[in-house]
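A.B. asks: In case you want the letters, here they are:
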Amino acid sequence: MRVWKFGDDIDTDAIIPGRFLTIYDPAELAKHAFEGTRDEFAKEAREGDVVVGGSNFGCGSSREHAPLALLGAGVRIVVAKSFARIFYRNAVNTGLLPLVCPRIDEIRDGDAVSVDIAGGCIEANGKRLAVEPVPGFLKRIVDTGGLVAYAKNLDEVETCSTE
Amino acid sequence: MAATIAEKIFSQRCGRTVRAGDVVMAPVDAAMIHDITGPLAVRVFGEMGGERVYDPERIVMLFDHQVPADSIPAAENHVFMRRFAEEQGIHNYDLLEGVCHQVVMEKGRAAPGEIIVGTDSHTCTYGAAGAFATGIGSTDMGFVLKFGALYFRVPESILVEVNGTFGRRVGAKDLILSLAGDIGADGATYMALEFTGGAMREMNMAGRMTCANMAIEMGAKAGIVRPDAATWDYVTARREIEPFDLAGDPDAAYRERRHYDVTDLAPQVAVPHNVDNVVDVGEVAGTKVDQVFIGSCTNGRYEDLAEAAEVLGTADAFATGVRVIVIPASRTEYLKALRAGIIERFVEAGALVEAPCCGPCMGGAFGLLAPGEVSLSTSNRNFRGRQGSTQASVYLASPATAAASALYGEITDPREV
Ligand code: SF4
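Going down the list, the sequences are from chains S and P. For the first sequence, this note's numbering gives the first residue as 21, with consecutive numbering after it. For the second sequence, this note's numbering gives the first residue as 856, with consecutive numbering after it.
For reference, chain S alone in the conformation it holds in the complex (with noise of 0.2 Å):
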């Protein structure tokens, strides 16, 4: 399990360009990854690697093709200095776990990488990181599986509830 270190910026039109967007299978999605801004990863890319990027990770477009397209490719977590807004709350609905972490500058491309989502920390290029949780309410949803194991046991909801 290896890292694909990116960097700061990193926008939904680079994750998954706009001429792919007819497709919604995760594999296939996958075929296209990057396409054009790196494209061994496509190729390369195998279950259990890590994407990590810099800041402002997945800016853009709110086209939940770019966390399918990473998780098509074997990709279960995503690591960043930041998140824009929607990606962020796209991976956790679909399943990409995305964890913040402020020290991503000390891990390198190509890093064999572990995850220790209990112990709160990633352990590549022989450092140990700690990264932030998903906070609140998005941390069921990632507990259930994703947003639609989650909404699938609900038959309705209390409207303007408080967390």
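Check the hints yourself; a few may be wrong.
[Said to hold, decoys possible] Coverage of chain S stretches by chain P, computed from C-beta distances (three or more under 8 Å per stretch; other residues unrestricted):
no.	stretch
1	24 to 38
2	165 to 177
[To be verified] Computed beta-carbon distance windows for the label pairs:
no.	chain 1	residue 1	chain 2	residue 2	range
3	P	D1037	S	P153	30 to 40 Å
4	P	D1135	S	D45	39 to 49 Å
5	P	E1097	S	S181	24 to 34 Å
It should be emphasised that the hints constitute simulated quantities derived from the structure, not laboratory data. Note that this is a predicted model, so its numbers are computed, not measured. Think of the CB as a built atom: it goes at the ideal place given N, C-alpha and C, for glycine as much as any other residue.
Take the given structure of chain S and dock chain P with the ligand to it, following the hints.
C.D. replies: Chain P with the ligand alone, transformed into the frame defined by chain S:
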């Protein structure tokens, strides 16, 4: 207690006082889905066990990204969505009306104080109508279709007070680009921008929509223009609603207060490949362009087309070798421009005028760029690969700058034309 507009909207809609940072299951007044992200939302709705949508009257459906269908999968998506609309009794604007955000606004589907979501990041456009409007993903939309509500974290707000008077051929797009340059691509992440001040009050609805539209380019969840007489004129002309006051309190807990004066603002250009990479037009003047696109939900309204036509003036033709693509944002705006003779002028000068749709804006349909090509676009994103090849370059500017650049075949200051 003093509150921002965002806090007031959530408090009013939830019937109790909520503050920035609170997480609420808020009711959704309108939900917009289109041809690209809609099919996934509909599928998710089914997977969630959804049978009937919460309220067909509150759902806005239309197709704009790939219209008329540019591929068989796109056509299949349209068929799939039409069938869903029929089953559920949802009014479907189909591909007849134009770009989603323009259509929601001009059909009066957004009003002050409402909470609106759309499966499109530029849903924040409806902040121009004083709504709290934000883009969501398809899975969240599946949830909204089923329950009519969604978890929101009430955002902190940045107050953006804009004063002064725009110079000749400088306007809303230049303001919002300069703000993006200043605040940065993630400077407002998770927050709402609240626009106020004399220059905002002077601005027409088209300009306000341009500003609210690009709030997302700073990471913002919403961009809300404080409603005033112009807002209410626009909204009450489109639906029955009793005007009321909705303003942020002077002593509300804004995260930050920013002041801008537009009096000396020069035309702005976002240079490749980030929206916050913004310079005065003079710094990139002379850059050769292969394509100029005037359109999109940011700048495809009648006022934008009129601004471009005014710069075109009586010139015979756009520069040789430049492809000029003009796409009105909606059928209504198209007709206005047509009747004003503007479309005729564009065609005479050599532009391709297409029927209302997103067009080259997101590189999903036509008007794509080859490696090495340069485009100047009035849309909202210049990400690498956004309009075709990842080796192409996209510059963003106002309709006036776009028209001036189309006339000379290179990026040109519209004040010098
Ligand atoms: S015009 Fe561009 S930004 Fe606007 S909705 Fe269409 S693709 Fe999105």
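A.B. asks: Hint by hint, where does the structure go against what was stated? Just the numbers, ascending.
C.D. replies: Of the numbered hints given earlier, the structure breaks none, since each of them holds.
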